[in-house]
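Trainee: Take the sequences, apply the hints, and build the full model.
Protein sequences, first through last, are from chains A and B.
Heads up: the first sequence at position 89 corresponds to 434 in my numbering, and the numbers run straight through without jumps.
Heads up: the second sequence at position 55 corresponds to 56 in my numbering, and the numbers run straight through without jumps.
Heads up, some of the hints might be wrong.
To be verified - Residues from chain A that keep clear of chain B, each with C-beta distances beyond 12 Å, as calculated:
(1) G348
(2) Q351
(3) K354
(4) T365
(5) Q386
(6) E407
(7) S412
What the hints assert, rightly or not - Calculated lysine-lysine pairs in the DSS-like style (CA-CA distance at most 30 Å, straight line):
(8) A:K402 - B:K57
(9) B:K37 - A:K447
(10) A:K415 - B:K57
(11) B:K37 - A:K416
(12) B:K108 - A:K354
(13) B:K69 - A:K447
Simulated from the structure, these hints should not be mistaken for laboratory data.
This structure is a prediction, so every number in the text was calculated from the model and none was measured.
We put the beta carbon where it would ideally sit given N, CA and C, even for glycine.
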Amino acid sequence: DGGITQSPKYLFRKEGQNVTLSCEQNLNHDAMYWYRQDPGQGLRLIYYSQIVNDFQKGDIAEGYSVSREKKESFPLTVTSAQKNPTAFYLCASRTGPAKNEKLFFGSGTQLSVL
Amino acid sequence: GEDVEQSLFLSVREGDSSVINCTYTDSSSTYLYWYKQEPGAGLQLLTYIFSNMDMKQDQRLTVLLNKKDKHLSLRIADTQTGDSAIYFCATGGGGNKLTFGTGTQLKVEL
Chain A
346 DGGITQSPKY
356 LFRKEGQNVT
366 LSCEQNLNHD
376 AMYWYRQDPG
386 QGLRLIYYSQ
396 IVNDFQKGDI
406 AEGYSVSREK
416 KESFPLTVTS
426 AQKNPTAFYL
436 CASRTGPAKN
446 EKLFFGSGTQ
456 LSVL
Chain B
2 GEDVEQSLFL
12 SVREGDSSVI
22 NCTYTDSSST
32 YLYWYKQEPG
42 AGLQLLTYIF
52 SNMDMKQDQR
62 LTVLLNKKDK
72 HLSLRIADTQ
82 TGDSAIYFCA
92 TGGGGNKLTF
102 GTGTQLKVEL
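Mentor: The following block contains the structure:
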């Protein structure tokens, strides 16, 4: 089955530690996105990538980093510079930057601070 | 930047209709979307409407768009307990990214 796989489902971070969230898709989609979800705040865009080896900052990129070395993979690293990392992180993809390209979402990763 | 507003909570009785409202600021939005999120899961696309349409119906779902007032609504007929979820309105069409609302938590009571 085609889809987007996020792992792990739950992740805990110690103070000063970097952690990496995995996102893999087998939909052959060009564009991939990372969103952060906090209660009552909806989804906020962290980073996005429209093509391999290229990515852009979203609205809240500070304290995060990404890479796009392969079309299928778009890992997100939450660095120690992100002082409030506890949130639900959602990865999404779509076929390309056309007018109506629907977003497909993974099942999310809940990150908590120890 | 673009802004999308929704009320945070809605409670309805099973069998009644639910109406979830959304207002947005980006008049250049080409498509407007409704997503559903069940607890601990990702977002699932429910339906969408092109900006030159006033209404779209899809089984129990009816989307109404008032482009002049920049107001979008989602009506769910005969609401069931399985419809309990968070519903997100999103605007887009610029080719890069969607702007999501804060989400409306729908609670269906027996």
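Trainee: Are the hints correct? Go through all of them and say.
Mentor: Tested hints:
no.	hint	result
1	G348	violated (10 Å)
2	Q351	violated (8 Å)
3	K354	violated (8 Å)
4	T365	holds (19 Å)
5	Q386	violated (6 Å)
6	E407	holds (16 Å)
7	S412	holds (19 Å)
8	A:K402 - B:K57	violated (34 Å)
9	B:K37 - A:K447	holds (14 Å)
10	A:K415 - B:K57	violated (38 Å)
11	B:K37 - A:K416	holds (27 Å)
12	B:K108 - A:K354	holds (25 Å)
13	B:K69 - A:K447	holds (24 Å)
The structure is inconsistent with the numbered hints 1, 2, 3, 5, 8 and 10, although it conforms to all the rest.
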